[in-house]
Amino acid sequence: MNAIKIPKPGHVNEATQTDLSQTDLSKIELSQTVGNIYADNAKMSIRNADIYYGDKQAIDNISLDLAKNQVTALIGPSGCGKSTFLRSLNRMNDTIDICKITGQFTLDGEDIYAKNLDPVLLRARVGMVFQKPNPFPKSIYENVAYGARIHGLTNNKAELDEIVETSLQKAGLFNEVKDRLNDPGTGLSGGQQQRLCIARTIAVSPEVILMDEPASALDPIATAIIEELIDELKEKYTIAIVTHSMQQAARVSQHTAYFHMGKLVEMGKTEDIFTRPSHKLTENYITGRFG
Amino acid sequence: MTKHNITKSKKNLPVKESNSTTFSTTERVSLGLKKRHRKEKRFKRVGLSAVLFGFLLVVILLGDITSKALPAFHQHWVKLDVNYQASWLDISESSSLGLKNEALTEQLNKANYRNVLRKSLYEMFPEVSGRKDKRSLTKLLSSNAEFTLKDNLLASPQLFDKKTQVWVRLDDDVDSYLKEEFAEGEAGLRINQNQAQWLAKLTSSENVESRFNISFFTSSDSREPELAGIKGALMGTLLTMFVTLLLSFPLGVAGALYLEEFAPKNRLTDFIEININNLAAVPSIVFGLLGLAVIINLFGLPRSAPLVGGIVLTLMTLPTIIIASRAAIKAVPPSIREAATGLGASKMQVTFSHVLPQAMPGIITGAIIGVAQALGETAPLLMIGMVAFIVDVPTSIVDSATVLPVQIFLWADSPERAFLAKTSAAILVLLTLLLIINLTATMLRSKFEKR
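Line by line, the protein sequences give chains W and A. Residue numbering for the first sequence follows numbering that gives the first Met the number 0, starting at 0 and increasing by one per position. Residue numbering for the second sequence follows numbering that gives the first Met the number 0, starting at 0 and increasing by one per position.
Heads up, some of the hints might be wrong.
What the hints assert, rightly or not - For the chain A half of the interface with chain W, some residues (derived, Cβ under 10 Å), not all of them:
| # | residue |
| --- | --- |
| 1 | A102 |
| 2 | S218 |
| 3 | R222 |
| 4 | E259 |
| 5 | R266 |
| 6 | G299 |
| 7 | P301 |
| 8 | I322 |
| 9 | A326 |
| 10 | A330 |
| 11 | P332 |
| 12 | T340 |
| 13 | S345 |
| 14 | Q348 |
| 15 | H353 |
As the list claims (entries may be wrong) - Quick list of the computed label-pair ranges, beta carbon to beta carbon:
| # | chain 1 | residue 1 | chain 2 | residue 2 | range |
| --- | --- | --- | --- | --- | --- |
| 16 | W | D117 | A | A253 | 49 to 57 Å |
| 17 | W | G287 | A | E272 | 46 to 54 Å |
| 18 | W | T185 | A | P249 | 48 to 56 Å |
Think of the hints as simulated: they come from the structure by calculation, not from any bench. Ideal Cβ placement from N, Cα and C applies to all residues, glycine included.
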């Protein structure tokens, strides 16, 4: 599928995956990822990614694929680097001066860290939804219209109206706000704000949506709505979601990657990870023994 | 039950303290509670008294200035029986009789009104004789009185060669005397016995009237206190502030945005930051010297001009605006920046459509503090010649001008008694201007905050 052939990294050893369940925790070799990092139909491929904050290494040699039109969940204990990794997928870390990134990141076979690739273009293709709902202090309409406007996606007001309406509909917010599109976006409830942020991201028609704990600041009902939404969105978009809730990962994702201390410990189909994890660390985490 | 126990134990505590050392948490807390409340109350009282003291000082200051300024807002005028006799005007009757309007006006323009004034005055006081007395009689009137006569006649030429009544200003010393500003037998009393009698005569016949001093707001500075007005200095201040704001606001905001959003964090930017902070602490007279040496002598811009004053005050205001703007920009939540960046907004778009509007209230506050500082600044303007005595009202930024604080300084330095009230009145005008600027700022701020 990929436009350029990506060599299989040598450190992934699929043969070792079963032996580790019996091993003592302290003796576990973390340099090896177990499970399957490859996707048949990869939208994004990351190979041998290293991310440093100054001298501190936040991500250590991670390789994985994001399957097209599927949801990939990134789970792991706090500080394991999953958010850092997610942010590197649309170069949000560029704004941090001390952040250094090496490795191969491709979107449809294109190197996203290529010198001639403008991060602005990349971010139009890879959208992001953040942990805390962060609508602009502007009207609901302006919030959704902003992306389309800065990229010059429309020629006239009618087209823009259309984009705003369909985006809000896709985000399941339109019926709730259709009478008050000119009210400030910050006046909505937390769950509505987050759906507004999703609508804002969709309005640019990205190919990939990155979600950094999108439901962590929301109550269970709002969370359920967001989760349903993610399930619907995967029909059109490729989604990577960072979450602290294992139930959420199990509910919404098709693939799950377990991060630990900046390393990718295990990756595979979600039902496999949650029913029969191959790695002791994964098992401990998903059974709630640590993390 | 427990409640009862607590109150009981509280009462018994001092006794208990001596023979038992075990207290429950409730007992320990309630023991210290009184002390904590006392401390809080004491602090509240100290805070309140500090506020009241400050308020009292402001009230005293404003009260003092206002009471001293009040006399400057009205002025005494006297009604004279004027005879525009052709001979007194030095216009020969024969030549003027057949004249047409334009030629007459030309004649009237050149006529001798001082003579008319004197002669009319002597007619009103026939008892005054002798050169010395006559001179002190004419000294009752403002030196401007003859021009009032001239304006009056030019406005209605049909009065030529006729008798009429004209209101003219009294001299500033007389005005002060009538306002009872001089204490009895004061050394500075500049009204002699005779003059006092003549004044009494005029006052009793209701020929003297106190009027609102409109010329204080419509005329410029003058050597004669009764003619001196604030308009020149006010215009000078407005022009200077216009230049200052026009230069310092865009420069300051652009500088702050660059340093905060675009500049790489390295030694050079650190160095610049330290220098900006130091610049805010440089004594203002140094900026005046810089203006004199560089802007006037090197670049050859005109002296005493609001343009130069504005540039010098910009140097002074810039660090304040930059520091306040940077703080406001820093305070914009990073989540907004991330949201816009995540959507694919370029740095420029993030900065101008999100960061700047969010930071605007803080930036405006900073700019107003800076401009308010500049508004009261005197020292640097002395160096660039804005301290000159300027009679014309400036109409452009390159005209010679002075500003309100300098005008206050000049008037406070003048020996004439009447300038005392003028000084206070000028201070009131300056404070009012400051108040207007602050109110505008508050309104702008709340407008930006609403959005």
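List of violated hint numbers, smallest to largest: 1, 2, 3, 4, 5, 6, 7, 8, 9, 10, 16, 18
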